[in-house]
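Participant: Residue numbers (my numbering), protein chains in the order written: chain F, 12 to 254; chain H, 7 to 206.
Everything labelled a hint here was simulated from the structure, so no lab data went into it. Here a beta-carbon is modelled for each residue, glycine too, at the ideal position from N, C-alpha and C. Keep in mind that the hints are not guaranteed to be accurate.
[Stated by the list, open to error] Partial list, computed: chain F residues near chain H (C-beta under 8 Å):
1) Lys131
2) Asp196
3) Ile200
[Unchecked claim] Over the 12 Å line for every Cβ pair with chain H, so calculated as not near, a few chain F residues:
4) Tyr75
5) Ser87
6) Ser117
7) Thr134
8) Ile162
9) Pro176
10) Phe178
11) Asn199
12) Gln211
13) Ala216
14) Glu235
15) Ile249
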Amino acid sequence: MELFNENSKLASVIHKDHSLLPVINRLGVKLGFGDKTIRNICEEREIDLNFFVEIINVFHYEAYFPEKRLLDFSVSMVIEYLVKTHRYYIDYLIPENDRLIELFLSANPEQSTENDLVRKFYTKFKEEFVIHIDFEESVMFPYVLELNQVIENPLSRPNFRQKYPDFSISGFEKEHSAMDDKMDDLKNIIIKYLPPNYDQNRGNAFLSNLFMFEKDLKNHSRIEDHILLPKVKQLEMILQSHE
Amino acid sequence: MNSNLNKSIVLISPLDVVLTGLFEILKGSVAGEIIQLRRGDEIIDYPELTGNFLVIAVPEELEKSTTLIRHILPVTGSVQFMALNLDLNSALSTPSISINDSAALICYKVNEILNSFSTNPGKETDTELTRREIEVLQLLTKGYSNKEIADQLFVSTHTVISHRKNISEKTGIKSASGLTMYAILKNIIDVTDINPDELI
Ligand SMILES: [Fe+2]
Ligand SMILES: [Fe+2]
Chain F
12 MELFNENSKL
22 ASVIHKDHSL
32 LPVINRLGVK
42 LGFGDKTIRN
52 ICEEREIDLN
62 FFVEIINVFH
72 YEAYFPEKRL
82 LDFSVSMVIE
92 YLVKTHRYYI
102 DYLIPENDRL
112 IELFLSANPE
122 QSTENDLVRK
132 FYTKFKEEFV
142 IHIDFEESVM
152 FPYVLELNQV
162 IENPLSRPNF
172 RQKYPDFSIS
182 GFEKEHSAMD
192 DKMDDLKNII
202 IKYLPPNYDQ
212 NRGNAFLSNL
222 FMFEKDLKNH
232 SRIEDHILLP
242 KVKQLEMILQ
252 SHE
Chain H
7 MNSNLNKSIV
17 LISPLDVVLT
27 GLFEILKGSV
37 AGEIIQLRRG
47 DEIIDYPELT
57 GNFLVIAVPE
67 ELEKSTTLIR
77 HILPVTGSVQ
87 FMALNLDLNS
97 ALSTPSISIN
107 DSAALICYKV
117 NEILNSFSTN
127 PGKETDTELT
137 RREIEVLQLL
147 TKGYSNKEIA
157 DQLFVSTHTV
167 ISHRKNISEK
177 TGIKSASGLT
187 MYAILKNIID
197 VTDINPDELI
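For reference, chain F alone in the conformation it holds in the complex (with noise of 0.2 Å):
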């Protein structure tokens, strides 16, 4: 297991794991990156260095989670991170799912019942998806970044205190699990329980973005639980301690 750093040919890593493209582009960097080292991509791009490549590593191995580095990282970039991978999923992968998926389905109108299983199991998941997304995006994370800044402007405190009188994330904290789960459960209605007369390459598509969806998402929901929120948990902590 091979873990990247600054020195490392951005393009060679992408030929080692190109699952990391999208990740790259999120962080700020298109396609046309030459011969250049991840070092002389971030320091053009004003990208943070050490961001970049211990996101990098997070994703590519599972294994990586640097937990006391990347609680390092300040919250605003964190969230930045974390929103433009929501965009991401709303503005492309889910659209491209609901696509596929459709593809899928619809080549076999005569397997109506099981069309119209998967399909109402499918926009509920989605469903489920939007509204934590739109949560975290209108309530958790404008939180976070309020408690951030009136740490260090404490002559907002006043305000703070009376717009989030018990200010607490654990209030806000939203399972991950179920909708894990439920892209689970949808991976396996397909692979396991569908008659086999469906289109077999629809189906390895929609499974594929599917599958790539979902180990986007784990990554996405491990930065959420294991690092923003024990970042705020921190916070509160400084903010209580001021009281």
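We have chain F; now place chain H with the ligands onto it with these hints.
Facilitator: Structure of chain H with the ligands alone, referenced to chain F:
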């Protein structure tokens, strides 16, 4: 193996020698479970009896068990009845086996009925779940809570939770709505029995 699991036989006779004899004759040639009862109403002690099964009983007990099965057991598959004729001088009109039939003939008659279960189109359940797990799954898909399922099956909530865990492990499906979809695809429940808009 899976579909046979759901085809069991219930033998009912007050006579041990009849029960044992039939059990010995049938055990080698049927794949499902064979339950032996002395009285028809003892069937109430087998709430886990779901899926397809065949009841073979002496006429008096056949009547008792029929009423019970029709009204009490949460039967999901189909049930067939076969009379067991111990009286050499009378002939029964329903599907029956007689005490003087040869072992081969008894096996033949019984298997003929068992096989008819699977020709029932679309109704065959094909699942790796045990009968009890199927029952839990059925209640689950009707929207019952763990506690309610426990009460209905006369077991502890803890037992229900462990059944649910096993169901998820075997099927690879964890969410309640995913399990509902599984149950429909596997003919464990009928899509018309539930409200898919609510439960999926
Ligand atoms: Fe998120
Ligand atoms: Fe989240």
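Participant: Was Pro176/F rightly flagged as not at the interface, with every chain H Cβ beyond 12 Å?
Facilitator: For Pro176/F, whose nearest Cβ neighbour in chain H is about 34 Å away, the distance exceeds 12 Å, so it holds.
Participant: Is the shortest C-beta separation between Ile200/F and chain H less than 8 Å?
Facilitator: Ile200/F check passes; min Cβ-Cβ to chain H is 6 Å, inside 8 Å.
Participant: Since Ser117/F was said not to touch the interface, does its Cβ keep a gap of more than 12 Å from each Cβ of chain H?
Facilitator: 19 Å, holds
Participant: Hint validation: Asp196/F versus chain H, beta carbon distance must be below 8 Å. Holds or violated?
Facilitator: 3 Å, holds
Participant: Are all C-beta atoms of chain H more than 12 Å from that of Ile249/F?
Facilitator: With a cut-off of 12 Å, Ile249/F remains clear of chain H, as the shortest Cβ separation is near 38 Å.
Participant: Report holds if the minimum CB distance from Thr134/F to chain H is greater than 12 Å, and violated otherwise.
Facilitator: Not fine: 9 Å to the nearest Cβ puts Thr134/F too close to chain H.
Participant: Hey, does Glu235/F actually stay past 12 Å from chain H on C-beta?
Facilitator: 20 Å, holds
Participant: Verify this label for me: Phe178/F is non-interface relative to chain H, using a Cβ-Cβ cutoff of 12 Å.
Facilitator: For Phe178/F, whose nearest Cβ neighbour in chain H is about 33 Å away, the distance exceeds 12 Å, so it holds.
Participant: Do the numbers back the hint for Lys131/F, that is, is its least Cβ distance to chain H under 8 Å?
Facilitator: This interface hint holds because 5 Å falls under the 8 Å limit.
Participant: A cut-off of 12 Å on Cβ-Cβ distance, and Ser87/F was said to be off the interface with chain H. Does that hold?
Facilitator: 34 Å, holds
Participant: Over 12 Å to the closest beta carbon of chain H is the bar; see if Ile162/F clears it.
Facilitator: Ile162/F clear of chain H: closest Cβ-Cβ about 39 Å, beyond 12 Å.
Participant: Does the claim that Ala216/F lies off the interface hold, with its Cβ farther than 12 Å from every Cβ of chain H?
Facilitator: For Ala216/F, whose nearest Cβ neighbour in chain H is about 21 Å away, the distance exceeds 12 Å, so it holds.
Hints 7 and 11 from the earlier list are contradicted by this structure; the remaining hints agree with it.
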